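Participant: For the protein sequence lines, the chains are S and W, in the order given. The working numbering numbers the first residue of the first sequence as 1 and each following residue consecutively. The working numbering numbers the first residue of the second sequence as 1 and each following residue consecutively.
Don't read these hints as lab results, they were simulated from the structure. Worth double-checking, as some hints may not be accurate.
Claimed, not checked - Which bits of chain W does chain S cover? Going by a derived footprint, with three or more residues having C-beta under 8 Å, they are: (1) 41 to 49; (2) 98 to 104; (3) 140 to 148.
Claimed, not checked - Among chain S residues calculated to face chain W with C-beta under 7 Å, some are: (4) 99; (5) 100; (6) 102; (7) 103; (8) 105; (9) 106; (10) 107; (11) 108; (12) 118; (13) 121.
Stated by the list, open to error - Label-pair ranges, simulated between beta-carbon atoms: (14) W:2 to S:195: 50 to 56 Å; (15) W:199 to S:133: 54 to 60 Å; (16) S:172 to W:125: 54 to 60 Å.
None of the values given here were measured: they were computed from a predicted structure. Built from N, CA and C at the ideal position, the CB exists for glycine as well.
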Amino acid sequence: MVVFFLGLFFAYYIARLPRLLKGVLDVVLTLPLVLPPTVVGWLLLCLLGPKQPLGAWMLSTFDTKLVMTWWSAVFATVAVSFPLMYRTARGAFESFDPTLAAAGQTLGLSNTYIFWRIRMPCCRQGILAGMVLSFARALGEYGATSMVAGYTPGKTATISTTVYQLWRTNDDAMALKWVLVNIAISAVFLLTINLLESRNKQQGGKRP
Amino acid sequence: MSLLVNMEKQLGEFHLSVQFSAERECLALLGGSGVGKSVTLQCIAGIMKPDEGHIELDGRVLFDSAGGVCLRPQLRQIGYLFQQYALFPNMPARQNIAVAVPDRGRRAAVTEELLRRFQLTDAAEQKPCQLSGGQQQRTTLARILASEPKAILLDEPFAALDSYLKYQLEAEMQSVLNDFPGTVLWVTHDRGEAWRSCGRAVVLAAGRAEPPVSMEQLFKEPKTVAAARLTGCKNDVPARPAGQSVKIPLWGVSLHCGRPVPTCVTAVGIHSRHLHVAAENEENTIPCRVVQVIDDLAETVVLLRPMGAGAEAAPLRMECAKEDWQTHSGTDVLTVTVKPADILLLK
Numbered sequence: 001m002v003v004f005f006l007g008l009f010f011a012y013y014i015a016r017l018p019r020l021l022k023g024v025l026d027v028v029l030t031l032p033l034v035l036p037p038t039v040v041g042w043l044l045l046c047l048l049g050p051k052q053p054l055g056a057w058m059l060s061t062f063d064t065k066l067v068m069t070w071w072s073a074v075f076a077t078v079a080v081s082f083p084l085m086y087r088t089a090r091g092a093f094e095s096f097d098p099t100l101a102a103a104g105q106t107l108g109l110s111n112t113y114i115f116w117r118i119r120m121p122c123c124r125q126g127i128l129a130g131m132v133l134s135f136a137r138a139l140g141e142y143g144a145t146s147m148v149a150g151y152t153p154g155k156t157a158t159i160s161t162t163v164y165q166l167w168r169t170n171d172d173a174m175a176l177k178w179v180l181v182n183i184a185i186s187a188v189f190l191l192t193i194n195l196l197e198s199r200n201k202q203q204g205g206k207r208p
Numbered sequence: 001m002s003l004l005v006n007m008e009k010q011l012g013e014f015h016l017s018v019q020f021s022a023e024r025e026c027l028a029l030l031g032g033s034g035v036g037k038s039v040t041l042q043c044i045a046g047i048m049k050p051d052e053g054h055i056e057l058d059g060r061v062l063f064d065s066a067g068g069v070c071l072r073p074q075l076r077q078i079g080y081l082f083q084q085y086a087l088f089p090n091m092p093a094r095q096n097i098a099v100a101v102p103d104r105g106r107r108a109a110v111t112e113e114l115l116r117r118f119q120l121t122d123a124a125e126q127k128p129c130q131l132s133g134g135q136q137q138r139t140t141l142a143r144i145l146a147s148e149p150k151a152i153l154l155d156e157p158f159a160a161l162d163s164y165l166k167y168q169l170e171a172e173m174q175s176v177l178n179d180f181p182g183t184v185l186w187v188t189h190d191r192g193e194a195w196r197s198c199g200r201a202v203v204l205a206a207g208r209a210e211p212p213v214s215m216e217q218l219f220k221e222p223k224t225v226a227a228a229r230l231t232g233c234k235n236d237v238p239a240r241p242a243g244q245s246v247k248i249p250l251w252g253v254s255l256h257c258g259r260p261v262p263t264c265v266t267a268v269g270i271h272s273r274h275l276h277v278a279a280e281n282e283e284n285t286i287p288c289r290v291v292q293v294i295d296d297l298a299e300t301v302v303l304l305r306p307m308g309a310g311a312e313a314a315p316l317r318m319e320c321a322k323e324d325w326q327t328h329s330g331t332d333v334l335t336v337t338v339k340p341a342d343i344l345l346l347k
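In isolation and in its complexed conformation, chain S is listed as follows (with noise of 0.2 Å):
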């Protein structure tokens, strides 16, 4: 969920961007993608570490710890899948037709109902292919997350993390829990999307 709407926000605002800044916007948001996930891992324990200004400050402020925690595997899994959300959406977005947007201007309708009923259900396609992306990838994440958040049974535990413990600890019975798990979890997430899809064909189809 976080990832879609941050990758949605991004792509919409970098489509936008003079060519220079996209370009290093670019290639900073698109890094997690290329690098090594341990590399992102340390990158993020860089950031949020306890010892380091942004760990910190939420440390005492909010007395939070950012490392090791529930939520520093959602963080690592953000950082990691977010670039498959954010380049889709952005592919899709540019192949937008600018005047319909400037037609729905002209005839008053906001910018935000332009966005949602008209700019994301011609772009659906390439959205829902980012959001398939993207939780393919978050599901699978466990280099980084193992790095940040590390493994605490039932505070930390992802499904990628668990089955290696378990494996580890020769509990294959359990790893193959975890992994029909998985499994169903990925396979629902699949089909809904697949059946959003042939949905949307259905309505678009028949074109000339």
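Based on the hints, put chain W in the right spot on chain S.
Facilitator: Just chain W now, with coordinates in the frame of chain S:
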């Protein structure tokens, strides 16, 4: 009650400077491609922002660089018809119209009324891609009227259509615009379209706008080379005024114009249909060599090179009836003439 436009915009190397005012009328914005017609419209609608200037509609300031005013397009109440219509592809025709009605309470009623008026009731639930070309245009017009605009801008509405559909849609469009009480700006490069639909025209050339003139005046006495070309004049050549005549250095001839030639004249234009094969002892003759003969649909087009002109000069284009040309076919050298009154004095 009118539209006042005075704006400047720099687009890369291209500088656009447009000043004109329109009453409650249908005003044509005539110009070739790339002279800034669409940019002008977009600046008026608020889709683009001019660098400097002042735009006013019915006494409301829409844009003023000195006063720091730049209304959002939503607040300008200007309808904009895009070349490709820009109907929202995800909504059926009815919803495309309904979303534009500003008053939510009357939305359903107004939409029904417009659907009826534009004969769209049967197509109301269809998506834009399922509508025919005519239905798409009617939906677009209905949608614009639904937004209750004070002015309507048309950006080459028929540029992408074949001629049969074009004439049909043009007639429909005209009847709608005749009922519209506000200013209509019609951007086009098609002189026929402008002549049929608009009372006055502003000619845009190389980023500059000429003062508005009536259609009759524009076609009868175009003032500039750009205006002459837009009204269908195929021959223009630099010229120097000399009393009642003009000297054309490029062709090495002097033509009598039958009226005093103002000193500001820098070129003359001659419509291809105003050139004739000269009889003996006729004045205003231009001796030419025949370059090419083209058999057109209704007439024969003869491309000529005046004797004095170099090979790089644009050929002179003459049109004559097919049967008239038969007596001359095969000739290599031809002397043509033009009546003094048919010479357009341009600058």
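Participant: All hints, please: hold or fail.
Facilitator: Okay, the hints, checked on the actual structure:
With a cut-off of 8 Å between beta carbons, the segment 41 to 49 of chain W has 4 residues touching chain S; three or more are needed, and the interface restraint holds. Remark: the segment 98 to 104 of chain W is confirmed as covered by chain S, as 3 of its residues place a Cβ nearer than 8 Å to a Cβ of that chain, reaching the required three. With a threshold of 8 Å between beta carbons, the proposed coverage of the segment 140 to 148 of chain W by chain S holds, since 4 of its residues qualify and at least three are required. A least Cβ separation of about 4 Å between residue 99 (chain S) and chain W falls short of the 7 Å threshold, and the interface hint therefore holds.
With 7 Å as the threshold, the beta carbon of residue 100 (chain S) comes within range of chain W, its nearest partner Cβ sitting at about 5 Å, so the hint holds. With a cut of 7 Å, the hint placing residue 102 (chain S) at the interface with chain W holds, because the nearest CB-to-CB distance is about 5 Å. Interface restraint check for residue 103 (chain S): the shortest CB-CB distance to chain W comes to about 4 Å, inside 7 Å, so the restraint holds. About 4 Å separates the beta-carbon of residue 105 (chain S) from the nearest beta-carbon of chain W, less than 7 Å, and the hint is met.
Among the interface hints, the one on residue 106 (chain S) holds; its C-beta lies about 4 Å from the nearest C-beta in chain W, closer than the 7 Å criterion. Checking residue 107 (chain S) against chain W by beta carbon gives a least distance of about 4 Å; that is within 7 Å, so the hint holds. Because the smallest distance between the Cβ of residue 108 (chain S) and any Cβ of chain W comes to about 5 Å, under 7 Å, the interface hint for this residue holds. Taking 7 Å as the C-beta cut-off, the interface hint given for residue 118 (chain S) holds, the closest approach to chain W being about 5 Å.
The beta carbon of residue 121 (chain S) comes within 4 Å of a beta carbon in chain W, closer than 7 Å, and the hint placing it at the interface holds. For the pair residue 2 (chain W) and residue 195 (chain S), the beta carbons lie near 55 Å from each other, so the given range of 50 to 56 Å is met. Between residue 199 (chain W) and residue 133 (chain S) the beta carbon distance is about 57 Å. The supplied range of 54 to 60 Å therefore holds. The hinted range of 54 to 60 Å is satisfied by residue 172 (chain S) and residue 125 (chain W), whose Cβ atoms lie roughly 57 Å apart.
Checked against the numbered hints above, the structure violates none of them.
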